[in-house]
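Note that the working numbering has the sequence shown beginning at 1, numbered continuously upward.
If you are wondering where the hints come from, they were derived from the structure by calculation, not from laboratory data. Quick reminder that beta carbons are idealized off the backbone N, C-alpha and C, glycines included. Each hint should be verified, as a subset may be incorrect.
What the hints assert, rightly or not - Below 35 Å or equal to it, Euclidean Cα-Cα: the simulated DSBU-like pairs (lysine-lysine) are:
#1 75 with 121
#2 81 with 9
#3 141 with 81
#4 75 with 9
#5 75 with 141
#6 141 with 121
#7 121 with 89
#8 141 with 9
#9 89 with 141
#10 75 with 89
#11 121 with 9
#12 9 with 89
#13 121 with 81
As the list claims (entries may be wrong) - Label-pair restraints from in silico Cβ distances:
#14 34 with 130: 21 to 31 Å
#15 63 with 103: 39 to 49 Å
#16 5 with 36: 14 to 24 Å
#17 25 with 89: 28 to 38 Å
#18 152 with 37: 20 to 30 Å
#19 75 with 152: 15 to 25 Å
#20 25 with 82: 37 to 47 Å
#21 122 with 165: 35 to 45 Å
#22 130 with 43: 14 to 24 Å
#23 22 with 57: 35 to 45 Å
#24 82 with 159: 31 to 41 Å
#25 138 with 42: 18 to 28 Å
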Amino acid sequence: MIFIYHIVKQGETLAIIARNYRRSLRQLFAANPSITNPNLIYPGQQILIPGLPNPNTIPYTIVVSRGRRNLTLLKNGAVQKVYPIAVGKMLTQTPIGEFVIVNREPNPGGPFGVMWLSLSKSGYGIHGTNNPASIGQYVSKGCIRMYNENVLELARIVPNGTRVLIQP
Numbered sequence: 001m002i003f004i005y006h007i008v009k010q011g012e013t014l015a016i017i018a019r020n021y022r023r024s025l026r027q028l029f030a031a032n033p034s035i036t037n038p039n040l041i042y043p044g045q046q047i048l049i050p051g052l053p054n055p056n057t058i059p060y061t062i063v064v065s066r067g068r069r070n071l072t073l074l075k076n077g078a079v080q081k082v083y084p085i086a087v088g089k090m091l092t093q094t095p096i097g098e099f100v101i102v103n104r105e106p107n108p109g110g111p112f113g114v115m116w117l118s119l120s121k122s123g124y125g126i127h128g129t130n131n132p133a134s135i136g137q138y139v140s141k142g143c144i145r146m147y148n149e150n151v152l153e154l155a156r157i158v159p160n161g162t163r164v165l166i167q168p
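Given these sequences and hints, build the entire structure.
What follows is the structure in structure tokens.
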């Protein structure tokens, strides 16, 4: 069985964690038999998330720079490629932190272009665009936009479970 660990942060509930990783509460209870009450989790506690590989076993890391508006793909710490991106505007900034890719959806429709890579924060992802002129700008509602050909290339390379570090 494949697991990833999530470290509980202040204010998180088991329901929020389940939603962020697109898992059910039932799946989290099954993977964490010591949790008998979903309201009794605490900051710093490790929660096993089933179905995703441990990011430490994946040679790739994605580093997003909001300020430079670029996404850097690393393999074993070495830069493989740097892509231009669009990020969140002032009122809907792209969240800073460490996340993982939890699933993917080809051709999600709407403004998301040809690929959606869900992050372990509900509602946020790396995706293509139907507005290529927006790349390089602060225009999204918090997601990371890429040119369609670039997000397809990235999706072919990185598996679910890949660590995504979003920096200022």
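Comparing the hints with the structure gives:
no.	hint	verdict
1	75 with 121	holds, 23 Å
2	81 with 9	holds, 32 Å
3	141 with 81	holds, 25 Å
4	75 with 9	holds, 28 Å
5	75 with 141	holds, 29 Å
6	141 with 121	holds, 14 Å
7	121 with 89	holds, 18 Å
8	141 with 9	holds, 23 Å
9	89 with 141	holds, 7 Å
10	75 with 89	holds, 29 Å
11	121 with 9	holds, 13 Å
12	9 with 89	holds, 25 Å
13	121 with 81	holds, 24 Å
14	34 with 130: 21 to 31 Å	violated, 46 Å
15	63 with 103: 39 to 49 Å	violated, 21 Å
16	5 with 36: 14 to 24 Å	holds, 19 Å
17	25 with 89: 28 to 38 Å	holds, 34 Å
18	152 with 37: 20 to 30 Å	violated, 44 Å
19	75 with 152: 15 to 25 Å	holds, 18 Å
20	25 with 82: 37 to 47 Å	holds, 39 Å
21	122 with 165: 35 to 45 Å	violated, 19 Å
22	130 with 43: 14 to 24 Å	violated, 40 Å
23	22 with 57: 35 to 45 Å	violated, 20 Å
24	82 with 159: 31 to 41 Å	violated, 20 Å
25	138 with 42: 18 to 28 Å	violated, 36 Å
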